[in-house]
Amino acid sequence: MSNVSKLILQRLILGVLTLFAVSALIFVGIELQPGDLAQQILGQSATPETLAAWRAELGLDLPAHLRYLDWLSGVAQGDLGNSLASRRPVADLLMSRLSNTMFLAAYAAIIAVPVAVALGLLAAMWRNSPFDRGVNVGALSAISMPEFFVAYVLILVFSIRLGWFPTLARIDEATSLGDAVYRCFLPALTLMLVVVAHMMRMTRAAIINVLASPYIEMARLKGVPRWRVILRHALPNAAAPIINVVALNLAYLIVGVVVVEAVFSYPGMGQLLVDAVSSRDLPVVQAVGLFFAATYVTLNVLADILSIMSNPRLRRG
Amino acid sequence: MKTLKTAPPTAWFGMIVVALTMLTAIFAPLIAPHAETEIVGMQFLPWSAEHPLGTDNLGRDMLSRMIYGARNTVGLALLTTAMAFAAGSMLGMFAALRGGWVDQVLSRIIDVIMAVPPLILALMMLAIVGPSIPNMVAVIAFIYVAPVYRLARAAAMNVVRLDFIEAARLRGEGTFWLMRREVLPNISSTLIAEFGLRFCFVFLFIAALSFLGIGIQPPTADWGSMVKDNATLITFGDITPLIPAGAIALLTVAINFIVDWMLHRASGLKT
Amino acid sequence: MDTLLDMRGLRLEAGPKSDPTVILHGLDLQLKRGEVVGLVGESGAGKSSAGLAAMGVVRDGVRFAGGSVTFDGTELTSQSPRRLRKLLGRRMAYVAQSAAASFNPAHRVIDQVTEAPVLHGVMSRPEAEEDAIRLFRQMQLPDADRIGMRYPHQMSGGQLQRAMTGMAMACRPDLIVFDEPTTALDVTTQIEVLGAMRDIVERYDAAAIYITHDLAVVSQMADRIMVMRHGQEVETQPTRDMLATPREDYTRSLWSVRSLNRPARVEPRPALLECRDLSAGYGDVKVLHDVSVELPRGRTTTVVGESGSGKSTLAKVIAGLMPPMSGQVLWQGDPLPADYRARGRDLLHDVQMIYQMADTALNPRHTVRETLARPARFCRGLTGKALQSRVRDLMELIELSPDKFLDRRIPELSGGQKQRIGIARALAAEPRFVICDEVTSALDQLVAGGILRLLMRLQDELDLTYMFITHDLATVRAIADQVVIMQKGRVVEQGPRDRIFDAPQQDYTRRLLEAVPQMDPDWLSRVRAAS
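Residue numbers (the working numbering), protein chains in the order written: chain A, 1 to 317; chain B, 1 to 271; chain C, 1 to 531.
It is worth saying that the hints were derived from the structure and are not from the lab. Every value quoted in this text rests on a predicted model; they were computed, and no experiment measured them. Heads up, the beta-carbon is just placed ideally off N, CA and C, and yes, glycines get one too. Among these hints, one or two may not hold up.
Quick list of in silico lysine to aspartate or glutamate cross-link-like pairs, EDC-like style, CA-CA up to 20 Å [what the hints assert, rightly or not]:
1. A:Lys6 / C:Asp284
2. C:Lys86 / A:Glu217
3. B:Lys5 / C:Asp19
Simulated coverage check for chain A against chain B, where a stretch passes if three residues somewhere in it have a Cβ under 8 Å from a Cβ of chain B [what the hints assert, rightly or not]:
4. 70-82
5. 289-298
Far from chain A, by Cβ distances over 10 Å, these chain B residues were calculated [as the list claims (entries may be wrong)]:
6. Thr10
7. Trp12
8. Thr21
9. Ala25
10. Leu30
11. Arg98
12. Val112
13. Ile128
14. Ile133
15. Arg150
16. Gly172
17. Ala231
18. Leu242
19. Gly246
20. Val253
Okay, chain A solo, but in the shape it has when bound (with noise of 0.2 Å):
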């Protein structure tokens, strides 16, 4: 086997090693709880039968790591158990749910990244000039704002003031795509603001990196315009870092969706998170944190991998 695939395959082992360890986390989590978590979540009103039915409904009768086993198995089978709240299952909670988080996340990444990474090329480029300072300062107020505040200003500007887009993003399944990107185009600006904002900035500091290299030096001493310097010699160098970057960032704008969807009532993941944990509906927050962290460990396996591929000196080791 070559490096590179032993590499990545340790990578990709680590990756469900991770996911194990958080899962057991997940779970020990709610294990430590002190106090029975039944007649918590009931009240001291609740009838010693319906305490009972609870906890044989929960599993909390059986020993600890049967209870983890059995519940892992349900995950695998695409069972995650029933609502407290709503008595439904969890999956047919997430479904819907699932495919409208992915589309906001997506919808905001197709901007955000061509517009990120070129403005951190432009920004390295022509560093400490005016354009540089001048794109440095916005990403860095950008960055320390909460998003619901550029939400809400948003909000403010475009459909209160303005009158172009709803305030709120409310969709269903019979929502046609034109019309979804209509209803989506703030919650998904204001995730790409702020996602854009640390892209450009890992990106800008990724390319000076390899600006200052010996080999850089001696391309210009070679009289290699600046272009084909930036072009041929700094960005194959500096694709593995960017690649890096633009994956790290995927993976947080995937979290970040949390506040938007909240503020924009938008039917998603993160809204039933927040649900969830407001009503303390367990199985449920169990369920969209896997998620959550699943698709979080994913993307960064999938980050390391890809620069591991782009490293030339590991490529044809």
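Given chain A, work out where chains B and C should sit, using these hints.
What follows is chains B and C alone, placed relative to chain A:
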């Protein structure tokens, strides 16, 4: 002092904002016209001479709540960050100096914590232990031990590799002496800059949790939940809910400007 | 007159305009076609900046602040970047110190060698490739036809340095600037690369500026030598005159270490420390193979070898920082615990180390006093007045004024002063055995000579036993009593210094000794003719 003169306008702006926020937080009871939770009038009163920022959804004075909010939100964020830093930097330096299995075990645990997005982890943990201020502080501090540990370990690793550590080890110095006298003075500037940065994250984090209704609980005044409580005003074109949100943004921007300047200076000094 | 390059009153500045750091103070340098001039100086002399300025280039943050650089009738200091690029790579080329870092890791070597000629329209791509192979052959690269298809990380440092010289030659430039091109190479590699470089410069009749800190190396290459210091010229003479009759004291000090010679002491003394059949390594890779060495008490044993010879690993094993796979270290005949943590305090304090990079060997956050007081208190239990007077005594020992230096912070000291503090810190533990790991390699010649003299004096006063690790044979000749030659983790040869130098028994030893550049312009030709 000489370095202050060379500070760019952005850093000056940052320092002034931070100083003003600190003063407001410390002297909150003296400045605020009304008490934190006192109901002073009708709900959602418009801006007036008596209530410069109007009243909130329960008829409390917005301005007073903003002033107390500075104290609560900033104070809690500071406490949380300090806890995370104390634990994270100690553990990070310890792992770097000890190496071997101590480092392996600590680092793998941290990896698992960092494999879950912080907001999701916090939400899950709060769902388990129940939302309350002490729980929230403990949960966020726990989560932020991980990045601080990573940074402290990486920074300490760079120092541990140097020969003066080897020289001290070869004369038989103990781990804690090495941590305090040889490693810490060399990574303190990195840690201080990181403290500013992490404080921003924690501050935004607490604001986000409170905004979602799972952080600082009523009736305590807090900028994040003030946005949530008064958000309906936005639909009437009233900018009042943007004021606490803007305050959060302003303070984080300010701190980021200062940290950016410090980092820039540190990197400039090296070359 | 056939002047190619004419640099007049060149002044370079960095930092703020109101309070600039001057890098070159009005330098004059003329170069005829086909002439090779050597720029010699210590670190910070401004020789690299002068070399780049000859091509009309300054590094980031540096600017032209006066004077002129005329290249074949064109003024370079005021040239637009576009016009300058037409000259760079085509008529002026550059060979950097670190070839490994100066080749782009993402592209094949041949693509980088052919880039300039194709870009400047000198040759078509197939012509340039054919020519590159010819240049590789002239630079004596192995497998010249195909080696260009490799990526930089698949070639050795010496090969990359040859390829880079070939790359510089690709457009047949009129001027080449060599910036310390062999400094990073081992001596046995250096001699081959030097030979190939000289041949190719002669073959194409290029003019060259050869920058180095090593007078012996440059005298093989240059027709004329300029010695520089603090951004100024010290003196310029034809190479032979410079070596025979240097006019300035500073020039003479450049071979300070070579002029040092302490007679080797040969009368037998018992070993203080002894290694028996030591093998060590990382994972499956063995880097020490059955090393047996004796270090006599009160003597200097130098361990010599090129990179990868295992000399530093040997020091680590002795210090207890790396456990051996097999074999033993004996201290006065008794086995020494393999891990330093298992050694008693007294044993730890008996063995001390002095490091190559004084910058990383001393904690930059401490003052000189803190640096010395801690080991004196910790190792010898001194406190109060006794401690303070001990610290002052240590400063006297290393010939630095206690009043002036004790309360300075480490970063405020010069390189040589730092190295002295490093020595004093080792002495504070009152050791009997001191491992000196390349302690003079990072220092300029004059300073290095001073440090060596100090170490010799301390040895006589305190009866210290030194294990002195170095790659520099001039240093060995200056101070060694015993010599151990290492190669690829094995001891090739060991014995009294004079016997090793006068009658080497092993082939490798002979090659190593031969490869050390001599202060003689004919040395390279002679050695190459002999082999």
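Checked hints:
Restraint check for Lys6 of chain A and Asp284 of chain C: the C-alpha separation of about 19 Å stays at or below 20 Å, so the hint holds. At roughly 16 Å between alpha-carbon atoms, Lys86 of chain C and Glu217 of chain A fall within 20 Å of each other, so this suggested pair holds. The hinted pair formed by Lys5 of chain B and Asp19 of chain C meets the criterion: a straight-line CA distance of about 16 Å does not exceed 20 Å. Counting residues of the region 70-82 of chain A whose CB lies closer than 8 Å to any CB of chain B gives 0, so the stated coverage by that chain is violated, three being the minimum.
Look at the region 289-298 of chain A against chain B: 5 of its residues bring a Cβ nearer than 8 Å to a Cβ of that chain, three or more, so the hint holds. Its closest Cβ contact with chain A, about 6 Å, brings Thr10 of chain B to no more than 10 Å, contrary to its assignment away from the interface. Against chain A, the non-interface label of Trp12 of chain B holds: every CB pair exceeds 10 Å, the least being about 13 Å. Every Cβ of chain A is farther than 10 Å from the Cβ of Thr21 of chain B; the closest lies at roughly 14 Å, confirming the non-interface assignment.
The Cβ of Ala25 of chain B lies farther than 10 Å from every Cβ of chain A, with a closest approach of about 18 Å, so its non-interface assignment holds. Leu30 of chain B, annotated as away from the interface, keeps every beta carbon of chain A farther than 10 Å; the closest lies near 28 Å. For Arg98 of chain B, the non-interface assignment is confirmed: its Cβ lies about 22 Å from the closest Cβ of chain A, beyond the 10 Å cut-off. With a least beta-carbon separation of about 4 Å from chain A, Val112 of chain B fails to lie farther than 10 Å from that chain, contradicting its non-interface assignment.
With a cut of 10 Å on Cβ distances, Ile128 of chain B falls inside the contact zone with chain A, its closest approach being about 5 Å. Look at Ile133 of chain B: its CB is around 16 Å from the nearest CB on chain A, clear of 10 Å, so calling it non-interface holds up. Remark: the non-interface label on Arg150 of chain B is consistent with the geometry, its nearest Cβ contact in chain A lying 14 Å away (cut-off 10 Å). The Cβ of Gly172 of chain B lies farther than 10 Å from every Cβ of chain A, with a closest approach of about 38 Å, so its non-interface assignment holds.
The Cβ of Ala231 of chain B does not lie farther than 10 Å from every Cβ of chain A; its closest approach is about 7 Å, which violates its non-interface assignment. A Cβ of chain A approaches the Cβ of Leu242 of chain B within 10 Å, the least distance being about 6 Å, so the stated non-interface status is violated. In this structure Gly246 of chain B is not separated from chain A by more than 10 Å, as the shortest Cβ-Cβ distance comes to only about 6 Å. Distance check for Val253 of chain B against chain A: the nearest CB is about 4 Å away, which does not clear 10 Å, and the non-interface claim fails.
Taken one by one, the earlier hints fail for this structure at numbers 4, 6, 12, 13, 17, 18, 19 and 20, listed in ascending order.
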